[in-house]
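*Asks:* Next come the chains, spelled out residue by residue.
There are 4 protein chains.
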Amino acid sequence: MSSIGVLFRIVTFGESHGVAIGVVVDGVPAGVAVSEEDVRRELNRRRFCHIPVLNPRCEDEEFQILSGIKDGFTEGTPIAIVIWNKRAISDYYQELWMKPRPNHADLAWYLKFGRFYDHRGGGRSSGRETAARIAAGAIAKAVLRQTIGVEVSSHLVELGGVSISRDDYTFEDVVKAWEKPLPMIDDEAVKGAVDLLIKTATEGDSVGGIGEVLTTEVPPGLGEPVFDKLKADLAKAVFSIGTVVGVEFGLGFRLARMRGSEANDQIVLRGGRPRLETNRVGGLLGGMSVGEPIRFRVAFKPTPSIRKPQRTVDLSKMEETTIVFKGRYDVSTAPKALVAAEAMTAIVLVDHAMRAGLIPRVVKK
Amino acid sequence: MSSIGVLFRIVTFGESHGVAIGVVVDGVPAGVAVSEEDVRRELNRRRFCHIPVLNPRCEDEEFQILSGIKDGFTEGTPIAIVIWNKRAISDYYQELWMKPRPNHADLAWYLKFGRFYDHRGGGRSSGRETAARIAAGAIAKAVLRQTIGVEVSSHLVELGGVSISRDDYTFEDVVKAWEKPLPMIDDEAVKGAVDLLIKTATEGDSVGGIGEVLTTEVPPGLGEPVFDKLKADLAKAVFSIGTVVGVEFGLGFRLARMRGSEANDQIVLRGGRPRLETNRVGGLLGGMSVGEPIRFRVAFKPTPSIRKPQRTVDLSKMEETTIVFKGRYDVSTAPKALVAAEAMTAIVLVDHAMRAGLIPRVVKK
Amino acid sequence: MSSIGVLFRIVTFGESHGVAIGVVVDGVPAGVAVSEEDVRRELNRRRFCHIPVLNPRCEDEEFQILSGIKDGFTEGTPIAIVIWNKRAISDYYQELWMKPRPNHADLAWYLKFGRFYDHRGGGRSSGRETAARIAAGAIAKAVLRQTIGVEVSSHLVELGGVSISRDDYTFEDVVKAWEKPLPMIDDEAVKGAVDLLIKTATEGDSVGGIGEVLTTEVPPGLGEPVFDKLKADLAKAVFSIGTVVGVEFGLGFRLARMRGSEANDQIVLRGGRPRLETNRVGGLLGGMSVGEPIRFRVAFKPTPSIRKPQRTVDLSKMEETTIVFKGRYDVSTAPKALVAAEAMTAIVLVDHAMRAGLIPRVVKK
Amino acid sequence: MSSIGVLFRIVTFGESHGVAIGVVVDGVPAGVAVSEEDVRRELNRRRFCHIPVLNPRCEDEEFQILSGIKDGFTEGTPIAIVIWNKRAISDYYQELWMKPRPNHADLAWYLKFGRFYDHRGGGRSSGRETAARIAAGAIAKAVLRQTIGVEVSSHLVELGGVSISRDDYTFEDVVKAWEKPLPMIDDEAVKGAVDLLIKTATEGDSVGGIGEVLTTEVPPGLGEPVFDKLKADLAKAVFSIGTVVGVEFGLGFRLARMRGSEANDQIVLRGGRPRLETNRVGGLLGGMSVGEPIRFRVAFKPTPSIRKPQRTVDLSKMEETTIVFKGRYDVSTAPKALVAAEAMTAIVLVDHAMRAGLIPRVVKK
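Protein chains in written order, with numbering that gives the first Met the number 0: chain A, 0 to 364; chain B, 0 to 364; chain C, 0 to 364; chain D, 0 to 364.
Read the hints as simulated data drawn from the structure, not as lab findings. Just to be clear, a hint being listed does not mean it is correct.
A pair counts as met if it fits within one copy or between any two copies, since identical chains are not told apart.
[What the hints assert, rightly or not] Below, in silico cross-link-like pairs of lysine-lysine (BS3-like), each with a Cα-Cα straight-line distance of 25 Å or less:
1. K190 x K69
2. K69 x K85
3. K198 x K325
4. K307 x K325
Make a model of the complete structure from these sequences and hints.
*Replies:* Have a look at this one:
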């Protein structure tokens, strides 16, 4: 289904080459200041027009807020946002009809929906769908900021194998990384990654990457035992992004190789409250927030569509064939998907803060 | 909340040192053959009594099926299973009152529920809660087997840093690994891991591990775009287990370092249907099953409770203190948690097969 | 929240005097033929322009389908429909600011959302919101017709106290009643009711009514024990319409005054299957369908807004005051609300038919 | 499915003649004082042993609270309650196998679940299932009382056609009515109804009735626009009780026959806040609470099982036959069902008060 969340819930709609995509955000508390500019700013973060191989089309998003906001404040009613599609060029998709691209959602959609799949631009499985999530994320971020004072950001720790070289960054470092061509905290990594992207594009190939989502300190109590743990709902939300193949909290897989005496974050008294001395665990215990920043890493697979010949099956004839993708493609979807992961994080945090009773239904009376 | 699932839904209840734990399985199709023996067999898989450091208490589970089964077949009504708690020794928990164990859920529970937290044995945050999931998983496995013919298994690929050395195992190899002391496909790894567990216990420390859950071929169409992708719901279900800190599908984080041309599974025609030649992606495209086995890895952190002095805060006095855990503990929770991960996988697969219309409400008329 | 349904789910959005209202229909099976004309036809049924006191404004609805339909067939993805608002005259609402109209949702909204309530035209509590439900109902009706072959209709049995005089009508009689000025099966009642509406409007007053929703034979098995009974979900869906104050299935309150021997529908063999001889119960037993038509009645309260002076409290000053509504109003909302009740019925039936496994995810391959 | 509620959620299980029935109450706030006595008191209200024709068996309920309560206070974890079945005499059900009783859920269950239906005592469709709801209702009532200070009660306004003769009763009158043989506010009605019950039993017949559920003043803001209106969720919860065939809020169907000028409750200033002068609407506007008591009426159909010959179909042979019910039956299920309706009301109110943010997750720190 196309909806997620319990008290703060979004539903997205729209196909890549259809009339529009969009989102309805339900359960928004009343009295939160939200502007079109908030939405536009987040949508712009996924454009990366300065690196053309990441976004060959590079168009402005034209969107419209249809409901739920009066005089600059949320009304407590659903906010519907439509993002119009434009100038979609579907021609080169004609020859891909019934020929699923390897590693792409195409195959799953053909097997599930048959000839009703709108394969143009990947239809509903397109990364474009995440623009609707990001618009909703802008609302979620406004709610978080104006209620529990939490900020969410993200950065790339690795792109196509080019890694950042430092481990000692702060939340502010990460926020500032967005002023660079790529959101990496380390200038050398940025340069290496940009070069790699251009080189890879020249070769008609693609790369994946690893991102990290971080928050400022999250008040204790978010997350519900036992199934709706915050880590469980964050993981679900982030894994619902097409390109995500792995999620780890804190040191993640590295924790699995440590002993308890190495892994355990000692609990100390700081500022009059219990704190984790090291926060190796990523800010969640028992799946719930404990007043620490939350931190998790996300693995993005390389873009499936490449300009090299690939083997597939023509499902209309049930015979093997070869395809070469000729449409516009992003040499890596990791940067855009990272923005989507950040948006999903904000959405889940609002939902859980509401469930924990930390966000009132009306923010200012 | 303590429930998960849409059409096939479980709710668990119970505290570690309370009267009982248990589960209600709702949405079970009618006409599935289920016996007490099915439940007992799965519960036994998590006992590991032959490796005492993994289960110092080693007791039989006494359980009772209260409803939903008539003459050996499910009725289509909720199946309630109670697992009685017995001989819980809560004494050594008295001195831990208000002193959260580092890396344990204790801190989160104290911060969220205050003095109402039943900290004895970890209360509801105890790994014991997963026994209820495993009982439900036994029902789910019977449903899968008798409807869409899917089997689920799992194994450890790494325990305390001791890894298996082969990569070319089959589903059957994995199933057979459960006849060994530890479910690892590689005898040398088993020996190394058992030795390590004993040594670690001697030192009063603990270790984590990495498991892998696998299925036989899953029919296409499980998983709902865009938020209820099968990978998203599997990740949520598995991350809802306390000790899990990472999940990756197929090659996971390794995919993030590959190029598209290396990562993409070519689509080939085998047995008259499209197949993934390599299944590096773990059996899901667009988050949906495509007729391939599903495969994902899970990182388990080391057991928080260790016999070494650890720093914490006495929340009743808000002052720093040191604790040494004196109760019984499992030197690694990874093996038990792996069985729980397998159970959660079966539960999610039934739910999604029902949502996809692949399991009728009445299995045999 | 603004969403309803489990597998077939709608979310509505929009305020009466905002940019637009609309709906996203999620969980639609693929392969159902749906056209704009289907939606327009249902939207027109609630216009009643030929009786101006029922719809003083009488405008065409301008709507747009944004997603989910390709080449005339549903894709299995969310269908978003936007209905644009136009020429809303909000002037006369200025003097009603903070002065809730008696019997209107105004008071509840002011108490819950304070100054963030968009009171113009009743904002989101307006009957206009039901247009979005009716658009979704058009989709639901297409699904029902093309899968389980069920039709849904409705009629008024009473308007402002003017009742139909017959009890022996068929489903076809009810369908044909929609060709009359008011959907009543009895010409005399139509005339009496129209006269009454005009007279009541002259007096600046309003009237309520009682409608009945009927279906053709519904296949057995819709409805889930014990809480998601079909009658429970139908009642919820219909009571979610603002003006509804009562619902009764079959003979309803009259059954409560009968003895078992009078009330019980004898079970007889007709056409090779068990049938209810009399269907006094309205087609549901144990809250589930049994192969009979479903029938229930709905009580609509009179329109709250009238042209007579009414007492209220100015919430900005917390003092008593008197208001006279000067805006356009419908002398009875019952006819429009009846169309909404019919739409909600279709929506619930699709959801339950999907839950019962009677509607595949792809209707035609 | 057998669960209901969003934040405060119950799941019931168990068949009438199985091992046990029971309930898991999930989402209970921590810190609420709850005792076994609270549960027993509510269970006793549905016994009516002093009127043997209402409960021929008249046994004490043996129940056990398995989890969620520590030292007399809720822990914030699921409360599981098991009510053991005993001495069930299933013999006379043998001859009813595959012969559905007219007006009973039997037919629906046979059509949906076939031979897997446990028809003994009505299996899961038995009124006995409501005992589990009533146990959960006891928890809900404790929560309401200790948080928002709301009480819920109910009474019969009509039984078998014998009506109460007054209209001017208070909440206290209704509470006191439970000290009488039947919960009717009017002694003459009690006498008439008891006589009627005995006479009807002699004749082997049954009667229905009409009940009313009332609350003390409910704080404003319960109920979510637009689908989860409080009236919608109350109606669903009450209609989920097998015997319910009608629900009306306030004056209900009588409102449908009034003009706006007669029906509208004028809004007046009392005690410094806006109040409804007459509360004809039953305490809800726009489906939300406005600080008034809530009031709705419920129609219960007569008990289907009677000692008169009734026609049915033997589904195993598909031929018509006649049955006479020989088991124990309640001459009217209305009194017991009324207690269940009251319990469901309390459950829905807690859920909505939590959703509205009026009940914290921890009641006392």
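*Asks:* If a hint holds in the structure, say so; if it doesn't, say that too.
*Replies:* Okay, the hints, checked on the actual structure:
For a Cα distance limit of 25 Å, the shortest separation of K190 from K69 qualifies neither inside one copy, at 44 Å, nor across copies, at 44 Å. Only between protomers do K69 and K85 lie at most 25 Å apart by alpha-carbon distance; the minimum there is 17 Å, versus 28 Å within a single protomer. For the homomeric pair K198 and K325, the shortest alpha-carbon distance inside one copy (18 Å) is at most 25 Å, but the shortest distance between copies (58 Å) is not. In this homomeric assembly, K307 and K325 come within 25 Å of each other (Cα to Cα) only inside a single copy, at 10 Å, whereas the closest approach across copies is 61 Å.
The structure fails to meet hint 1 from the earlier list, while all remaining hints are met.
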